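Kindly generate the complete structure, drawing on both the sequences and the hints.
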Amino acid sequence: MIQCKTSKAIGGMGHSLKRKEDDRFIQGKGNYVDDIKLPGMLYMDIVRSPYAYAKILKIDSEAAMKVPGVVAVITGKDLAQYNLHWMPTLMSDTQMVLPTDTVMYQAQEVCAVIATSRYAARDGREAVRVEYEKMKPVIDPYKALDPGAPVLRTDKEGKKDNHIWNWKVGDKEKTDKVFETADVVVKQQMHIPRIHVASIETCGCVADYDKVKHHLTMYMTTQAPHAIRTVIALVAGHVGLSEERIRVVSPDIGGGFGGKVPVYPGYVIAIAVSFLVGKPVKWIEDRTENLQADSFARDYHITAEMAGTKDGKILATRFKVLADHGYTDASANPSKFNTGLFSIATGSYDYGTSFMEADAVYTNKPPGGVAYRCSFRVTEAVHAIERITDRFALAVGKDPAELRMQNFIKKEDFPWKSPTGWTYDSGDYHAGLQKAMDAIDYAGLRKEQAEKRKKGELMGIGISTFTEIVGAGPSKDFDILGIKMFDSAEIRVHPTGKAIARFGTKSQGQGHETTYAQIIAEELGIPAENIQIEEGDTDTAPYGLGTYASRSTPTAGAAAAVAARKLRDKARKIAAYLLEVSEDDLEWEPGKFSVKGAPEKSKTIQEIVFASYTNHPQGMEAGFEAVHYYDPPNLTFPSGAYICVVDVDKETGAINVRRFVAIDDCGHIINPMIVQGQVHGGLTQGIAPAMYEELIYDEDGNILNGTLMDYLVPTAVESPKWETGHTVTPSPHHPIGAKGVGESPTVGAPPAIANAIVDALSPYGITHLDIPITPFKVWKALQEKGVK
Amino acid sequence: MNKQITVTVNGTQHTLEVEPRLLLVHLIREVLNLTGTHIGCDTTSCGACTILMDGKSIKSCTVLAVQANGKAISTVEGLAPEGGPLHPLQEGFKENHGLHCGFCTPGMLMRATELLADNPNPTEEEIRWGISGNLCRCTGYNNIVKAIEYASAKMRGVPTASTEPEFV
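Chain order of the listed sequences is W and C. Be aware that the first sequence starts at 0, since it is given in numbering that gives the first Met the number 0, and climbs by one per residue. Be aware that the second sequence starts at 0, since it is given in numbering that gives the first Met the number 0, and climbs by one per residue.
One should not assume that every hint holds.
[Claimed, not checked] Footprint (simulated), chain C over chain W, 3 or more residues, beta carbon under 8 Å: (1) 395 to 405; (2) 680 to 688; (3) 711 to 721.
If you're looking for bench data, these hints aren't it; they were derived computationally from the structure. Being a predicted model, the structure only gives us computed values, none of them experimental. Every residue, glycine too, gets a C-beta built ideally from N, C-alpha and C.
Given below as structure tokens:
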């Protein structure tokens, strides 16, 4: 049971308030980017490359220009006149906006058609004739590193190979020594597949440049509007787009999941065209373009190793990664973290040493990869550690739950310094796993499994006990393009005691309009229903780095609490003045200050706010406003214990997820209903890559499943009935003890499912299958083992 | 060569000249400015554009506007009078946290409208299969199922209390 400090009428933390944003969405009154219609608006469509690697010999736009309604065909050469044909990626790599001579991946933008209607733009697109000279693409990331491999990035002066960067962390010598002498060493090669966020709303924008006011309003599907405004100013400042003349508006967003962090070429082209013609330009990609060209996620080839004793004590881990970034490193990581926060791969276990190394390569595939509902490569890390832990348990003949219990960091050992340099803030891993085991009747399931195995039936139980690392991040280490990863809140309380608060983040469905109001209600006692939350307009909201990587609650949520506490301090001063007592004589309860020992003498927050406008003490600044930019002292470390039960059909390989219990620990909970909803959704996005989703390319670089007809997003039928629960281990450094939760389930679910399926197959000597684990993969593995 | 059509949308009759190739979803969104109906894909897979045509739920991205000639169309804007009271399905989605980003929600609501018209008291499995032509990327579907169960109960006049365990 969650304890609440405020009444339901105030609706502070712990109340399952119904969401404030729902009324407009359930009545069809949301305002998504494609709903925006401006006078004189032009429409843009994009011609895309059918080839993965080709020279462009000719772009013939003559027929397209004859299509009624077509006003322009924009090529890379047109943009080159303004030096807008290239742009930086968030990882300081470079990317073509439109090509002048070569295309580097299938579905790459070749040129743009501008027309007076959506249909005319599409007609124009079909009428553009492009002549290509095909070249042999490099698709396999391992082959990309072969000495004789063609060098793809010839645009980079002096580039002699396809290697992008090398990254390492940990103590190699110490780790290698442990591996040399350990009783047991297990090693597993695994691939975390290239997948796509596939938010139901695709990406798009309306770029609206006013030639008279020299002002750009950019409505776009972005999770980070402020950073985008700065990027536009940096990239296009030379043509006169100065930052005070740029307003970025992120309207309602139909799901983001990291896919709406990057700047895609379509946005830049739309801005360039609007700038040139002085009319609004709308670009809305279709689903096929979205799946085929927008940033992918994952695509890590990992070799994981674990060393330990015969009785199951983990001693060391080693991880070697090959990261396939496609044509350019368009990851959306903090600048200093090539591999994101992959170094959380040491996991939830107490052992002394680890060494990790990663290399990144260019291939002729779309660029990426974004942090898909993941705090920068944590999903890859968690899959690696949780899979190799199971392999280790199998090797030493221990139950995977027992082995985890044996190796967990103990709750009294927090803050805990990890072998790769993180300081885990808090956790109680034993309690989480025990709760999950009790909820699912782990002992009973193992008994049932033993009986089924005697009959030759395949049942598996899989565990994942993950540690997340979110809330990027402390300014000493975390920035994006140099901008520190703080976030912000500005609270303005009106004379009648009702408030508006604005944030540097941007909800894409997470429910900020409700949860931020609850944080402020908790701190000030103003009812959450009287607090309006706004985000996404750079003209009004304070600067922040946006919403992704489960960072909103850890950063902007903290900013809201700190800003509200500044206001409470002011309220105390005003109350003392009104009640004619010393500030020290006052005590606070949610919503009012009263005099100690004389509770009948009190002032409500509403009375105090009114006084701040009508009767404030002389010498005090009038009004009731506060702003705070919160720079977190550390990251937060949510955790979870997930257990999955599967039944596998030996003849067909069909997998039925019978039960899935998820116990999450995200510290103090702001709104249990919303946290549970986030967990449900994340779990479905976890089963997706575990069993269904992967972007598949053939050797010519053709995508084989680039539409929603063959890229299998789970429906309500594939999605199990999730069973959820929680433990509460507050973050000691966060103002409200919260940790963030959005990504935990996406991160934690895949290894639980994979471990369950492998567990089901383990009697036949099967020790690993790469995700997505499809019935065919299972059937094939069983056939190879001679199972009939 | 434009064609003249007459369609009744949410009870209002419109007579319009349209291109024969105009998709019904574009008629709804761009000609009639009813932007509650969304577009999520180009392969009739996601269901974000689901509406009712003569009471049957259809994906309006794969129907031509001219095919709607003489038909009655219902969109999310027509589910309940503006300003309330909400339709039991809308209420169910809000009460049970059946939406996050809201993009799939109008399509889900329209699909569920027909589902409950055909089967006023569906089982959980019938609901899951019944909405399997509509994708939601945010919610994991548990709460959408609960929302439809809630509406089903309310429309049948039985108590709507949730039988699901709390987030314990």
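- Residue count check for the segment 680 to 688 of chain W against chain C: does it reach three with CB-CB under 8 Å? That given contact holds, which follows from 5 residues of the segment 680 to 688 of chain W lying within Cβ reach (below 8 Å) of chain C.
- Tell me if chain C covers the segment 711 to 721 of chain W under the three-residue, 8 Å CB rule, please? It holds, with 7 qualifying residues against the three required.
- Query: Can the segment 395 to 405 of chain W be counted as covered by chain C under the rule of three residues or more with Cβ-Cβ separation shorter than 8 Å?
  - Reply: This one is violated; 0 residues, fewer than the three required, reach chain C with a Cβ under 8 Å.
Against the hints set out earlier in the document, a violation occurs for number 1 only.
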